[in-house]
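Trainee: Kindly produce the complete structure, drawing on both the sequences and the hints.
Taken in order, these protein sequences are the chains called A and B.
Its first residue numbered 1, the first sequence is counted upward by one per residue in our numbering.
Its first residue numbered 1, the second sequence is counted upward by one per residue in our numbering.
There may be inaccurate statements among the hints.
[As the list claims (entries may be wrong)] Only pairs whose alpha carbons sit at most 30 angstroms apart, straight line, appear in this in silico DSSO-like list of lysine-lysine:
#	chain 1	residue 1	chain 2	residue 2
1	B	155	A	119
2	B	75	B	220
3	A	351	B	155
4	B	75	B	140
Bear in mind the hints are in silico, worked out from the structure with no lab data behind them.
Please read these numbers as outputs of a predicted model, since none were measured by experiment.
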Amino acid sequence: MSHNTYKIRDLFRIGGEAEFLVLHKDGIIVDSYFIARAPVRGFEKMLIGKNPIFAIEAAMRICGICHSAHGINAAEAIENALGIFPPLNGVILREIVGLLNRIQSHILHLALITPDLVKPELKMDAIRREVDLLGMISNVLAKFGGAPSHPPNIVIGGVESMPKQRYIDDSVKTLQQFKQKFGELMEFFENENNWSERAKILAETEFRPKLLASHLYYGDQTNIDLNKIRTVSVEEFRGNNSIPKEAKGTTTLIALYGDEPVEVGPRARLALFWGFNDRSLIGVQRARMREITMGIERILRLIDELDPTEPTKTTAVVFRRGKGISVFEAPRGLLIHYAEINAEGRISFYKIVVPTMFNIPIMEIASRGIPVECADVIPRLYDPCIPCATHLVEVR
Amino acid sequence: MKPKVLIYDVGGCEGCPTSILRELNKLVNIADIHSKHLGEVNIDNNYDIAVITGPLCINVPEKIEIVRKIREKSKILIAYGSCSSVGGITLFSRGGQDPKPEHRTFQPISAVVDVDYSIPGCPPAPTTLVSLINGLKTGKSPLLRIFAAIAKVRKLSGFDLMDEVVLSGLCVGCGACVLSCPTHALQMIEKRSDLIVEKCIRCGTCCSRCPVFTRILIYKEKPQVKLLGGETE
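Mentor: Now the structure itself:
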């Protein structure tokens, strides 16, 4: 250890405020610590005593990037507690909104990581194209969700209303245009002549962590063992004495599955439910881009399944005592909400486990063996979401 | 010459800075944008305009210092989004949550610095920022006086709209508040707005869109409009 030096790097081009402390020897990383610096707004505590209707609006505001995932998860946890289910239209519309949010998040991330992946002279043109795509997908989300972020149409019992047919028709056209434009962008990224040196290092580095996902598109708690999920402090995970003082004070915890770190997110979903087998580090990004194409195709199929003559939400909502759990595949991976409602119909307990908490130890392990000059690209590759990650408490 | 604009988040949900990115292709045509989402930023530099997003946790002295420094280094300071401008949902934060239970109180940035313009919204429509920056160059945008007036208050919500406009009998039934509410907390009943109280997240968007409320606020606050050229009105 005495031959290593510390290097703290502020992380730019990620969702939120964090630092990455790396220990390296002869320019090669031997260990690292991901340190969140955002204040803890404390949504779980904020929700206690509140009406469940408020809980949906608040949960969506945990994160401005994966807002819909939190909204859907909160609604389903409360519905689970109340013993109610949305009608089929409501479930389909929720999946559409969730996938639009996934694509929106992936495109935003692509704009943030593009300078790492392509030659410097090519980045600005690519970013401009990605910003155009971000606008297109956000407009479609506004039509189905009611807003391009924090979509208010997600309600307890289903989705507020069916979009007007002309909005659906416009959305289909936009999604088809999006698919074509994104296909051109995929070809650009797959062309190795456009790659940066960093991209080549990521492609040459194999990384095979354990993977965890519950579903390819939505979320299914029967595919995972919820009892195996445990959240711990960094001190508990690493051992208090082994953590450099510069790495202390993080505002987030770590999530483990069966007491082991697991990778969640696009590559885990595609590997476990679709047969994706790229185990290089750049495979994480390839999986994310593949999910964009698959998401568009899935949304177009789901739109065909909507029945405008049927309801989009159940009106049989009666608030009463109950406990509920919901599992959803957010853009970054497995997201879990736990809700308890008391006899007065108010929230008495609320807990959230977010995907970035699973991926923090994975990022730290993935960085080992990487040249120190590339340190910042590893966390960026896993698309950490700090607003989400600073809202987790220990799960009972 | 394009104004040098800093976009900086002090601990929000990231919805505001990422929504601004949706207008990046327009923004880069009118301003020189510096944001953590685009690369490294240095808050020790001088900026023509600083746009701060996210709420200020007053239990974290480092964050207060950052906001003060940005104020000192910028000619015009804009609080962008509800958390930064009027507190928004984070006003409900009460602390007690691991691993930082001491993070108990979140306030708009105007709690510690003078703000020139406040744009409520959760998030605001990002085109608003484009319009405001253009207005700061020409002095001709009607948004200037509205957002300068909002910068003088520390809170705004559906409850204020009800008190000042609806329950006072001044609501003209235009529906602007209903259309603007990001949580669908307002509805129109008998040509007057009505608040679904459990849905109000105290974002203040309704107040900023209400033609009556903004007129009252401008009359009360008599805001000074500060332009990029240094002149004030």
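Trainee: Each hint: holds or not?
Mentor: Evaluation of the provided hints:
1. The hinted pair formed by residue 155 of chain B and residue 119 of chain A fails the criterion: a straight-line CA distance of about 47 angstroms is larger than 30 angstroms.
2. A hinted pair counts as satisfied when its Cα atoms are at most 30 angstroms apart, and residue 75 of chain B with residue 220 of chain B qualifies at roughly 25 angstroms.
3. Of the pairs offered as hints, the one joining residue 351 of chain A and residue 155 of chain B holds, with about 29 angstroms between alpha carbons and a cut-off of 30 angstroms not exceeded.
4. Between residue 75 of chain B and residue 140 of chain B the CA atoms are separated by roughly 19 angstroms; this keeps the pair inside 30 angstroms, and the hint holds.
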